[in-house]
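Peer 1: Listed below are the residues making up each chain.
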Amino acid sequence: MLNYLTLILGCQLVGELTTKALQAPVPGPVVGMVLLFTFLMVRGSVPDDLASVGDTLLRYLSLMFVPAGVGVMLHFKLLGDDWLAIAVALLISTILTIIVTAWVMVWLTRPNLPAAGPPAAGPEAVSRPKDGAP
Amino acid sequence: MGELRDVWVYLSATPLLHLTLTLAAFQFGSWVYAKGKMNPTLNPVLLAVVLIVAVLLVTGTRYDAYFEGAQFVHFLLGPATVALAIPLYRQFERVRRSALAVLVSILAGSTTAMLSAVGIGYVLSGSSDTLIALAPKSVTAPVAMGIAEQLGGLPSLTAVLVLITGITGAVLGPYVLTLIGVKDWAARGLAMGTASHGIGTARALQVNEIAGAFSGLAMGLNALATAMLLPLLWGFFF
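From first to last, the protein sequence lines are chains X and S.
Quick note: the first sequence uses the working numbering, first residue 243, plus one each step.
Quick note: the second sequence uses the working numbering, first residue -12, plus one each step.
If you are wondering where the hints come from, they were derived from the structure by calculation, not from laboratory data.
Source: prediction; values computed, not measured.
Incorrect hints may appear among the rest.
Said to hold, decoys possible - Here are the simulated SDA-like pairs of lysine to any residue, each with C-alpha atoms no more than 25 Å apart in a straight line:
1. X/Lys319 with S/Lys24
2. S/Lys24 with X/Tyr302
3. X/Lys319 with S/Met25
What the hints assert, rightly or not - Covered by chain X, according to a simulated footprint, are these stretches of chain S (three or more residues, beta-carbon under 8 Å):
4. -8 to 1
5. 6 to 15
6. 53 to 67
7. 209 to 215
To be verified - Here are a few chain S residues that sit away from chain X, every Cβ distance over 10 Å (derived from the structure):
8. Gly(-11)
9. Trp18
10. Ala21
11. Gly23
12. Asn26
13. Thr28
14. Leu29
15. Tyr50
16. Tyr76
17. Lys124
18. Glu196
19. Phe223
We treat Cβ as the ideally placed atom computed from N, Cα and C, and that holds for glycine.
Generate coordinates for the entire structure from the input sequences, incorporating the hints supplied.
Peer 2: Right under this line is the structure:
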């Protein structure tokens, strides 16, 4: 257990040091995430003890947003001044993002795409994906 | 009366009081969320934040005094971000077959999220603090806060916008996807995770396991893509 907690903290530490040294614009913990991901790819599986440390951290992920969220009390004025820009931007941008992501995925995995999947089975195969997701 | 004040002065000076307040408020939020049949609008984080802000305002406590205690919870965001590699790895195995399509879809969604949020905010004359906080709004909070800090913005404002984005996507996402006729669970999951990170992923998981897996992957990859692209795009435009 403790050795994997050390590994996670170590990945973060190396990530922080790397981004500081290279003055990279990426947050240190993200580099740490890439390091841990690389470790898992090389190892080929997730060790049980690492899984239990990681899953415990991630189970309470939403709790960890609370202290920063309370910082909203410092920005009541800014939120009041910019409420329209914030509300419209969040609403429209979130809906747009959902539409673009879903459509690109549907378009790229359409059944008659020449590169992917088996050779065309016939004209009917074009009409819809085979798994009838409701 | 004087004794009570002594106790208050003593407690205010240690992390114990505000650490306990943070955990208790979150437990209360989780309880309401469970009672409300996990309705996404009853988000436990949002409820906890509202409750704590109310307590701090009533007791006249400053944010830095509160954060003095709450920082221990806040610190865990770093290790938790690193730990996101674990679900990412688990889901990476599962979605390897459509890896290219997944990557392109998430990049398209990630770019849309950044450009449209900042674009709309700019047109509606948002301040630069607001624009920086809007830019990473679709990214999971620990990473979004890191990005905002890098760009010289306000991590706490960013965290709030990230939360609202997550709730917006979790509530509206399924309706929007049905409206535009997307039935494929993989595409639905990717869209939810890219637009509204962990909160969208939690929602996707409730509906369908495949959607949940793709959503978790999208959340991780979008965090990575935004962390790398946003500082470049920002330097280009501003």
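Peer 1: If I take the minimum Cβ distance from S/Phe223 to any residue of chain X, is it greater than 10 Å?
Peer 2: Holds, because the least Cβ-Cβ distance between S/Phe223 and chain X comes to about 12 Å, which exceeds 10 Å.
Peer 1: Was S/Trp18 rightly flagged as not at the interface, with every chain X Cβ beyond 10 Å?
Peer 2: At roughly 13 Å from the nearest Cβ of chain X, S/Trp18 sits farther out than 10 Å, so the non-interface label holds.
Peer 1: Is it correct that the beta-carbon of S/Thr28 has no partner in chain X closer than or equal to 10 Å?
Peer 2: Label holds. Min Cβ-Cβ 14 Å, cutoff 10 Å.
Peer 1: Taking C-beta pairs only, is S/Tyr50 more than 10 Å away from all of chain X?
Peer 2: 5 Å, violated
Peer 1: For S/Gly23, is the shortest beta carbon distance to chain X beyond 10 Å?
Peer 2: 16 Å, holds
Peer 1: Is the claim that S/Glu196 lies outside the interface with chain X correct, judged by CB distances over 10 Å?
Peer 2: 12 Å, holds
Peer 1: The segment 209 to 215 of chain S covered by chain X? Criterion: 3 or more residues, Cβ-Cβ distance below 8 Å.
Peer 2: As far as the segment 209 to 215 of chain S goes, the hint holds, because 4 residues have Cβ atoms under 8 Å from chain X.
Peer 1: Quick one, are X/Lys319 and S/Met25 close enough, alpha carbons at most 25 Å?
Peer 2: 32 Å, violated
Peer 1: Apply the coverage criterion to the segment 6 to 15 of chain S and chain X: a residue qualifies when its Cβ sits closer than 8 Å to a Cβ of the chain, and three qualifying residues are needed.
Peer 2: With 4 residues close enough to chain X, the hint holds.
Peer 1: Is the Cβ of S/Leu29 farther than 10 Å from every Cβ of chain X?
Peer 2: 13 Å, holds
Peer 1: With 10 Å as the threshold, tell me whether S/Asn26 passes as away from chain X on beta-carbon distances.
Peer 2: Holds, since 15 Å exceeds 10 Å.
Peer 1: Are there three or more residues in the segment 53 to 67 of chain S whose C-beta lies closer than 8 Å to some C-beta of chain X?
Peer 2: holds (count 11)
Of the numbered hints listed earlier, those contradicted by the structure are 1, 3, 4, 15, 16 and 17.
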